[in-house]
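**Student:** Sequence:
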Amino acid sequence: QRVEKLLDKYKVKPIVAVIPDNKDKFLNIDGMDEKFWDRVRGWKKKGWSIALHGYQHLYTTHDRGIVPIGIRSEFAGLPFETQKEMIRKAWILMLNEDIRPELWVAPSHTFDHNTLKALYSETDIRIISDGIALNIFYDGTFYWIPQQLWHFRRLPFGKWTICLHPNTMEDKDFDLLEEAITLNRKAFNSLQNIKLIERRKNIMDKLFEQFFILRFNQKHKTRAEI
36 QRVEKLLDKY KVKPIVAVIP DNKDKFLNID GMDEKFWDRV RGWKKKGWSI
86 ALHGYQHLYT THDRGIVPIG IRSEFAGLPF ETQKEMIRKA WILMLNEDIR
136 PELWVAPSHT FDHNTLKALY SETDIRIISD GIALNIFYDG TFYWIPQQLW
186 HFRRLPFGKW TICLHPNTME DKDFDLLEEA ITLNRKAFNS LQNIKLIERR
236 KNIMDKLFEQ FFILRFNQKH KTRAEI
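For the working numbering, add 35 to where a residue sits in the sequence shown, where the first one is 1.
The reader is advised that the hints may include incorrect statements.
Stated by the list, open to error - Derived pair list, reagent style DSSO-like, types lysine-lysine, alpha-carbon separation capped at 30 Å: (1) Lys58 / Lys79; (2) Lys230 / Lys207; (3) Lys194 / Lys79; (4) Lys221 / Lys79; (5) Lys70 / Lys207; (6) Lys40 / Lys152; (7) Lys152 / Lys58; (8) Lys44 / Lys79; (9) Lys79 / Lys207; (10) Lys58 / Lys119.
Claimed, not checked - Simulated DEER-style distance windows between Cβ atoms: (11) Asp208 / Asp65: 12 to 20 Å; (12) Tyr45 / Phe115: 41 to 49 Å; (13) Asp206 / Lys124: 34 to 42 Å.
Bear in mind the hints are in silico, worked out from the structure with no lab data behind them. Model, not experiment: these values are computed from the prediction. All C-beta atoms, glycine included, are put in the ideal place defined by N, C-alpha and C.
Kindly generate the complete structure, drawing on both the sequences and the hints.
**Tutor:** Below you can see the structure in the form of structure tokens.
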């Protein structure tokens, strides 16, 4: 709730990734929240964008998928029919709570082309909040809003999404977030105010993607070896 109060204070309307049927014990921090779905509907009512965040948040493969920065997956590598059933169940759970997600956010950023086929088949989601690029792009079926940051950085151009996990944030992280919003309020946007155009990835996007993935994996390999 600390993040929610902070975002409300500065009228920032984020994308919130919601797990329809959480079974991940590491995310069961304070027990079951009986008012959880009321809270999600409240987020939607005040203009926040709700994303479908997988199904149960249970990792079953080590396939890295389309965006190769994660090392485990709930979806990537599974047969199409299996993924289709998981997506269908996740979608129905959300609809039963009177919530129609606008975007897809995969757990650990890992999903594959079968995931996209399942999303197209079982939902009306046509926006992916993931991928590495300098700006929003279109692949012929889905619009991709790239997600390249885990903390705020002031950058001169492009569209940048910051991924935050409030359950792991410390006091200093909240202070840094508030400082970033205060000093750069006009740089923050919402899904409702973003213009989606059928722009294909260009050579600069592809070069940036290659550089980003190389640096990201080198950095995390070094951390694992320390």
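**Student:** Each hint: holds or not?
**Tutor:** Hint-by-hint comparison with the structure:
As the CA atoms of Lys58 and Lys79 are separated by approximately 23 Å, the hinted pair is consistent with the 30 Å bound. A hinted pair counts as satisfied when its Cα atoms are at most 30 Å apart, and Lys230 with Lys207 does not qualify at roughly 33 Å. The suggested pairing of Lys194 with Lys79 holds, with an alpha-carbon distance near 23 Å, which does not exceed 30 Å. Distance hint between Lys221 and Lys79 is fulfilled; the C-alpha atoms sit about 22 Å from each other, no more than 30 Å.
About 28 Å separates the Cα atoms of Lys70 and Lys207, which keeps this hinted pair within 30 Å; it holds. Of the supplied pair hints, the one linking Lys40 and Lys152 is violated, its CA atoms being roughly 37 Å apart against a limit of 30 Å. Between the alpha carbons of Lys152 and Lys58 the distance comes to roughly 24 Å, so the proposed pair stays at or under 30 Å and holds. Restraint check for Lys44 and Lys79: the C-alpha separation of about 17 Å stays at or below 30 Å, so the hint holds.
Only pairs whose Cα atoms come within 30 Å are accepted, and Lys79 paired with Lys207 is accepted, the gap being roughly 28 Å. Under the criterion of a C-alpha separation no larger than 30 Å, the hint pairing Lys58 with Lys119 is consistent with the structure, at around 19 Å. A hinted range of 12 to 20 Å for the beta carbons of Asp208 and Asp65 is consistent with their spacing of about 19 Å. Range check, Tyr45 to Phe115: Cβ separation about 42 Å, and the 41 to 49 Å hint holds.
Hint check: Asp206 to Lys124, Cβ distance near 38 Å, so the stated range 34 to 42 Å holds.
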